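Novice: Residues 96 to 238 (my numbering) make up the sequence shown, in order.
For the record, the hints were derived by calculation from the structure and aren't laboratory data.
Keep in mind it's a predicted model, so treat the numbers as computed, not measured.
A virtual CB, placed ideally from N, CA and C, is assigned to each residue, including glycine.
Among the hints, a few may not be true.
[As the list claims (entries may be wrong)] Computed spacing ranges between beta-carbons, pair by pair:
(1) 223 to 105: 16 to 24 Å
(2) 227 to 100: 42 to 50 Å
(3) 175 to 100: 44 to 52 Å
(4) 182 to 105: 47 to 55 Å
(5) 184 to 113: 39 to 47 Å
(6) 182 to 211: 44 to 52 Å
(7) 99 to 202: 49 to 57 Å
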Amino acid sequence: MTTDTRALASDLSLAVVRLTRHLRGRRVDAQVSLTQLSALATLARDGAMTPGNLAAREKVQPPSMTRVIASLVELGLVERAPHPTDGRQIIVTLSDAGHALIADETHAREAWMNERLSGLDESQLKTLRDAVGIITSIVADSE
């Protein structure tokens, strides 16, 4: 790794941390933890799934996900249903309240990002579009 690459890695890491902090500041419902919100977002994006599949996608241990799901059920944000083919398992789905929360959270983050992006010129927007693809690829390679 060259000095330039190390410097870029450091700058990029810091920029991502700062962006994440700003996005967290736009949270609609602070009662829902970031871990819970991530699980809700995964269910919104990928649809109903077993707790084991959700744990794997969230990269947490199944017992941890069981606790997250229990808390989300208690908050009325997800529902449990019997698995259609395996009586030993359950399926977790977003409730209407869960869908509404994800929509509100997404809107709040996107409104802030849209406001920031509106001040950029086309060249800067293209650079960001390219960077999003690269960052997405870097993250996907590590999953």
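Novice: Each hint should be assessed against the structure and marked as holding or not.
Specialist: Here's how the hints hold up against the structure:
For the pair residue 223 and residue 105, the beta carbons lie near 20 Å from each other, so the given range of 16 to 24 Å is met. Distance hint check for residue 227 and residue 100: the Cβ-Cβ separation is about 20 Å, which falls outside the suggested range of 42 to 50 Å. Separation of residue 175 from residue 100 is about 47 Å and conforms to the stated range, judged on CB atoms against 44 to 52 Å. At roughly 52 Å, the beta carbons of residue 182 and residue 105 sit within the given window of 47 to 55 Å.
Distance hint check: the CB atoms of residue 184 and residue 113 are about 41 Å apart, consistent with the given range 39 to 47 Å. Taking 44 to 52 Å as the suggested C-beta distance range, the pair residue 182 and residue 211 conforms, at roughly 50 Å. Here the CB-CB span from residue 99 to residue 202 is close to 39 Å, at odds with the stated 49 to 57 Å.
Checked against the numbered hints given earlier, this structure breaks hints 2, 7; the rest are met.
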